[in-house]
Every structure is written in C-alpha cells, then in structure tokens.
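Colleague: If you want the building blocks of each chain, they are given just below.
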Amino acid sequence: MPGALLEVRDLSVDYITDAGNVRAVDQVDLDLQPGEFLGVVGESGCGKSTMVFAIAQLLFPPAEIAGGSVTFKGQDMVRLGDTELRHIRWRDYSVVMQSAMNALNPMKSIEAQFRDTMRAHGDMGTEEIRERSAEVLRIVGIDPVHLRSYPHQLSGGMRQRAMIAMALLFTPELVMMDEPTSALDVVAQRSLMSQVKQLQERLGFAVIFVTHDMSVVARYSDRLLVMYAGQVAEVGPTRAMFESPPLHPYSRGLLDAFPSIHGPRRELIGIPGSPPDLGRPPSGCRFQPRCPVAMPPCSSVPPRLYPVRRSQVRCLLYDEAITEAAPERQAAVKP
Amino acid sequence: MTTVDTTDGRGPAGGAPLLRTVELTRHFRLGGLLSNRVLHAVDDLTITIADREIVALVGESGSGKSTVARLLARLYRPTRGTIHYRGRSVESLRSRADILWYRGQVPMVFQDPYSSMNPVFRVSHGVSRNLRLHRRELGRAARHDEAERVFEAVGLTPAAEMLSKFPYEMSGGQRQRVGFAQALALRPRLILADEPVSMLDVSIRAGVLNLMADLRQREEVSILYITHDLASARYVADRILVMYAGHLVETGPTEVVLSQPKHPYTQLLLSAVPDPREEVSVEATTDLGEPPRVINPTEGCRFRFRCPLAIDECSRVTPRLRPMGPEHQAACHVATPDPATAATASQPIAPGPPAESV
Amino acid sequence: MAAPAMEANLSAAPATQEGFGRASFQRFSAAILRNRKATAGLLLLLFLAFVAAFPQVFTRVDPNAAIYPQAVGPSGAHWLGTTQVGQDVYAQLIWGTRLTLIITVVAGGGATLLSVLFGVAAAYFGGMVDRVLSVFIDIFLIIPTLPLLIILAAYLTGAGTVAIIAALIVTGWAFSARQLRSQGLSLRTRDFLEAARVRGERSMYVIFAEILPTMTSLLVANFMGLATYMVATAAGLQFLGLGNTSEVTWGTMLYYAQNNDAIQGGSNPWWALAPGFAVVLMGVAFALLNYAFDEIGNPALRAVRRPRARRAA
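Protein chains in written order, with my numbering: chain A, 1 to 335; chain B, 1001 to 1358; chain C, 2001 to 2313.
Computed footprint of chain A on chain B, listed as stretches where at least three residues anywhere in the stretch have a Cβ under 8 Å from a Cβ of chain A:
#1 1163-1173
#2 1203-1214
#3 1221-1231
#4 1260-1270
If you're looking for bench data, these hints aren't it; they were derived computationally from the structure.
Just so you know, even glycine gets a beta-carbon here, dropped at the ideal spot from N, CA and C.
Kindly generate the complete structure, drawing on both the sequences and the hints.
Modeller: This is the structure in structure tokens:
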C-alpha cells in the first residue's frame, strides 16, 4: 500500500522451547497509515503483545522472528543491525509498556530516566534535555515539578502518563502501546485514553494500541484488528465492526461478553472454553472448537482472510465456495 | 454465649440480618512509631447484608473496599466499630472453635487467580484443607465426593480430572472457579468475593459472573461482590454500595442507583464506564482520576476536591447518608431526594441498627 | 530500555511452564540432567560418595599404619608417596573422604535448618518478631567468621569433630537466613498465604506446609552453597590443628603435612597437594550441582540448546 507508515507481511514469531517450537504469531499482515489509530484486540495469550514486540524489534530469546518482514518507513527492520536500530528506536517509533512499574526504574527520578533515554538515542545537550523533559510532561498534563519525583511517588494514572511522555520525547511517528490502561481505574482510564487521542490529533503520530478490553479502544480507534490464537481473525474500520454485528463469530462473542451499563439487561454468554494450546493448534479453523456457528468444513479447512466490504475476516462463512454449498448457514449469520 | 452454632438452618436467628456492620472503621499508621500520619482506609461504615442476596461494593483504588473485605474476613481488626454475624458480635468470637466456625461461614475469594493458589499443590489442596478444617465429620470417601460435588457446581468438569490438575495447567477463569469451589466446600452463608473477575479477560468474565448469580440461586448463599466495574455490578447485584475515600457515599437497589444516581461520584463513575456499543459522544473529561486523599483527612466531604458541585458546607461538615428514595440513600449536601422522600425525611440517618434489614 | 520488554514478553509466552507441578524429585533430576555442568557435578559427587562409603574398593592399605618407608615420593607401591612417619598418602586420601564428606553434609544441613527456622519465621510473622530476628541474623553476619571459628573450635577442643561442625553451623547459617527471609517476604504478596489464613490455618502449618514447599529449590541451592563453603572451611580449621587431629581427614592431612614441612618443598609435596586438590574437587562438585538449582529458580537462565535459526530471509 503506497505511503503506508508500517507494512507487516507474513510475520511469524516462534518461542523456542525444549518441547519444540511454539508459534505465537502466525503469518500476520498489518498495514498502518501515518496518523492512524489501530486497536489490536484479543484474549491473553493470543499473541498480540508478542506481535507488537516483534514489530518493535524487542524480542529476546526464547522468542524470535521466524519469518516475514516489517517495513517501517520503507526500511525492513528485521534486517537492521543494533546500531541502526538504535537510531530509529525512540526517534521514529516508541513503545509504552503495560505496567509502568515494570518499565520505569524505581530507583531513578523521572528526570534521570528521561535523560538516560535521550542520551541513549540522540545527542542533545543538557539544557535541551531538561527543556524537552519539562515540555513532554506538560504535554501529558503533569506539572514539570514532578521531574524530581520517583515513580512510586506518583499515582498510577500519573505514572502511565509519564510513560507516555517518555514515549513522546522525540516526537516519533509511531507509538505502540501494550495495555497501558489495564492497571488503572475506570475514571483514570477514560481520562488517559482521551488524552492519548488528543495528543495524537495534535502531534499526528500513529498508534498501535494493544488491549484485551475492546470497549477501551473502540471509541478511539480508526481501525480494529482482532487476533485469535496467533492469527488475525478480523481487521477493518472500527465503525464497520460496530455498525452491524461483527463478521467473525469470535469478534461477535467478544462484543457480547460486555455487560452493558445502559440499555436493557440481557444474559451474557461470553465465549466458553479457552484458547488453544499454540503448541498443538487445532486443524482447520483455530476458533472452531469454541465457535457457536461452526460448520463441518471448519474442522479441516483452515480459512484464509476473506475480504468483506471494507474489512477482512478469517472465517469460512465468508468463503463463497463453501457457503454456496450451505446457504442456510449463511443466512443465519450474515447481516 | 460461646457455643458453636451447629444448625445448618437457612433462616437467620430472630430476624437479624445475615451480616451487619456498625460504624466499622479501620485506620493504618504510616511511617515509624513516631509518625502521626494515619491512613483512614474505612470510616464509619454501616451496612447490612441479607440472606440470598448479592451486594456489590463499588469503588476505585483507595476507596477502602478491599479493606472492608479483609475486615469482614477477620484479617484485620477494626480500629472502631463492630461487625455482627447472625446476631453475634464477631469480636466476641475468641476460642479457636468459634473462630473456625465464623471462617467456615464467611470465606473469601481472591482477586488474583495467579497468586491465590499455592503452585506446588494440586488444585484439590484448598478444597481438601477446607473440608478437613471445617467439616471434620466427613470421612475420606465423603470428602472426596464433596470435592467432586463442588467442582461440578462451579462448572469444572469432569471433576475427577480437574481435581488432579496443578494451577499452572488451568486458565485464569478456571482458577477463579476453583476459588469459588473452595468456598462452597464450606457450605458458607456469605462469600466475600474480592474483585473476582478484574484480572480475567473480558470474554471470560461472563462465565464467572453467571456462576455467581447461579450460586445465589442454587446454593442459597449471599455474596459481597467487591469491584470497581459498575457494569458487572449491574449485571449480578441486587444492591449497590458505592464507596469513596473510605466512606459509603450511596446505597440502594441496583437499577435505582444506576438510573438515578444522586451522589456526584456515582455520576462520575457512571459516565466513565466504557461501552463499545454506545454512540461516540462529546465528553467532559476534566476529571483526571486522581486518587482520593485518605491520609489525615480533614472534616468535610472527601470528594469535594474533585466535585463540580461542591459548596461551602462540603468543606466543613462531613455528609451523612440520608434518604433519597425508597431504600435509596446518599451522603451528599447538594443531592436532592425524590419529592416523596424529601417531604417525609429531612434528618440525616443516625448511626445504629437500621429499622429494616435493608 | 530493551530489558523490560522481555519480562512482559516472557509472561506472555504460551510455552508450558516448568512447573512446580511435578514432584520435586522429578523436577530436580530433570534440571540436573538438562544442565551439563550440573550433571558433571552430580557424577563427581556420586563418585566421592562411593569412595566415602566403600574405601576398601580403592585401597587395601590401612591409612594409619606407619610401617612404610618414610617421606618418599610417589612410586609404584605408593601412588602418592608416604608421610613423614611412613603412612601411605593415597590410603589416607581415600579413607579421609568419608569423614570429610560427613562433616560437610552435617554442617551444611545443620546450617540450612537454622537458616530456615530463623529466616522464614522472620518473614512470616513480620512486625516485632521480624525485627528481633533480623537483628539476631545481622549480628551473626557481622561477627568476623575466622576468629569466631577459631575461638569456638578451640574452646570446644574436647569434642573434636563435633566442635568443628558446631562452629561451622554457627558461622554459616546467617547468610542463608537472610536469603530465605527475602524469599519469604516476597511471598507475602502472594494471596495463597492470605487464603490459608482466611480458611483458618495455624501459623506453624502455614510456615511448614505452605511456605516451605515453595522454597525447595532455594533450600537445596542454599545447602549446596553452604556445603561448598563448609568443605573448604572445615579443611581450613583442621589445617590449623583444631578438631580431632587423630582422625583421618583431608584437613588433618594438610595439618600434618604442614607441620612436617611437606609444603615448603619437603620430600613429598604430594602429601599436601593431594588433599588440597581433593578439597577443591569436592567443593567444585557441589558448586557445579548448584547450577541446576539456579536454573530452576530462574528459568530465563536456561541455555537455549537449539542452534539459532537464521534471521528471516
């Protein structure tokens, strides 16, 4: 796709264990335009975090990229060496972790950590560094007096915002966030999300936002990518996914799993069962054992990604060759 | 009276509610012996829980809700105030037999499925310890049968196979079910569920929430459901208690509180709940979600620093719970009761045993 | 910046966890066999244990018999030569293994036991108990080891080997106690201990039946580390003439060798070299074995055996 900021093709990530390799990410394609907000949604263990770390070239043994390419601003990141990566890292793209307490050094002040980061990835003078540190804190709504503070002296919400500030030090074009709100209460979460969105609109960076909680991201994302068992289950514009019932039975199950605060009370179904063991994925469609509308071919034919209007869905319900043979199924599910 | 209650009777003795607290308070001293900083985790909490009801205790971090659970579980002693269980004061339980009796009646389910079970033992360990400690009349075969029964009751089937698994072989949702199974093995009257679904994926929560509602029906047990998520509270709870900064700020039946929230904090919480199906709208997001101030707090409403409606009186007088509607109370100086209620009650609620078992 | 990503990454790993699930014995043997260093250590230790148990297999000579030519170097009849009074050095080495190993294991075990009692109790009870016990542990950490060892061993001269073991235990337990206390403290945030209290378990039960089983690999690792320390220190004390010099151990061999100038280039340097090497060997055996337990505690240390796959073409 021309002009794309990020193009991921056929990306696969393996975890190398004594018991054989486990493929955590299986041939994922992903496109991101400049300034776009992409939500990546899935249950724990679906590979979404692994995929993001793979894109950011932050994988360590026993995880490693087993295939595919990650083209960022025209360069294939997988081929770059460490030195070249260090130039791009943090300047052109940055990462916000799930738990600030994991990524922030509890022994150093915020100021010191910002300074370390800026020295590691660039060569600004001391005065410039100080000014920039204060500026990014202001951008995220923290009083710069907190530069002197230590992480434990800030509240959870402030810590997460400090993490985001750190990610913005060099005004990158892409910020990847791995569940940045999961440790926050609902009010802090709402405030953080809306702040991220405002920043994004103001500074123009693209966002990849990973979460297991669709409701958090649905309001702000331009496109949504739903992952299941290491594969892309559905990807498309967010509005499309909510205007009519979602296309993939898994996405629909995810959406139905939310108790709603407004509107009538109805029974929640959730998605019974658990995700498959990636060491031994099921044959055919990986979601089939839990799928409420599974058909006979689903247990033997692995579905590709089928284009449906503006989205793509990995589900045999949208494979015309198969559904022609069973039209009643199609009618039951498609809107 | 220190005899152990051996009746399995489902009805409370003499009309007393199942659980009642009166001005329950817990403070923690911070810093060393010479420090004067006191954290007011819970202040003057007066609530009741009846048989066969699910009560949601809703609040954010720092609201004191987890401390309430631990007070009721006797992991902390109250700084002030009392807890009454089936008419008996919990502090008066001194002997090991009495304490064990209480623990068998009021078990707790923990929040973190990854740390609430000892990883070196099979998942049957907690159930079997519970049975050995609290239902000593059961022989070995009977214990085995009971373990299978409770596992089946929470949906972990086939029970025999599940009982022999280790925690690492189970998913988060399954582990939480084990937590409930352990509680059920005691034939409890009240389960304290401390954020049982917060650490589970959203898609798994439905199953555990449904399980809680199911247990209330089938096993006739009450549940104190502690959570920060109003949406799930709406789904399972009969009544909602909203806490902020250690104080109870609003109580009432679920639908009433959610459709007519009287306290500004409840209104804020409601507005912040994300709902993926909701229309995108313009939001007033001035509230940054800063934590409540509970260290050496001053007199006055603790929400006043964040409240858009705060008036002078809010910084001088701590608001008490007062009636807003039938069975609906809120602690706020500016909240206006429903017209019918306003006419009959203009006095704040005085502490002490409530007239009805609400 | 790179390191934190890994922690998050590991926790997302779908690989099966090397669980506490399987019985400890299976888990330990798997860990030992998987790590080449540890396997070597185990084999070495088993060999030494065999020598200690069946010295007759290796020599028919009485180690105390002073009937051979005095102070001669290695020869066909005496592989490591003889001592100043005509004893066979090789025989002494073989027979000395038993007592050396016994001292090491008993002292190591005793110190581990004390460290468990003090360290875990301090962590579990917290509060004032923790403070008192911690001060107690710290005192023993601060006391200079060598003078204390010498004083203790000399004071209790009458008891010989027992004195040495006692002195070793008294000076060795404190470091492990600190470690176990830290580990115990980290468990305090784990809900399963609170869960045990909520269901009404007694404190002693929680310590022995809930906490200790989660620490087995740490305990074994501690024991291994202590044993390494003990074997060398015991030899050192005996070298100084403490304990019972009439017993045959590697340490007493060194004592006599030193007294008779074998070390400073006397007629049979092997009299001192052999027991010295033997002490090192036993220490190395325990130290190598310890690698396996490090790995159990921290699976990230495990070497990835597979050759690294080539980067994506």
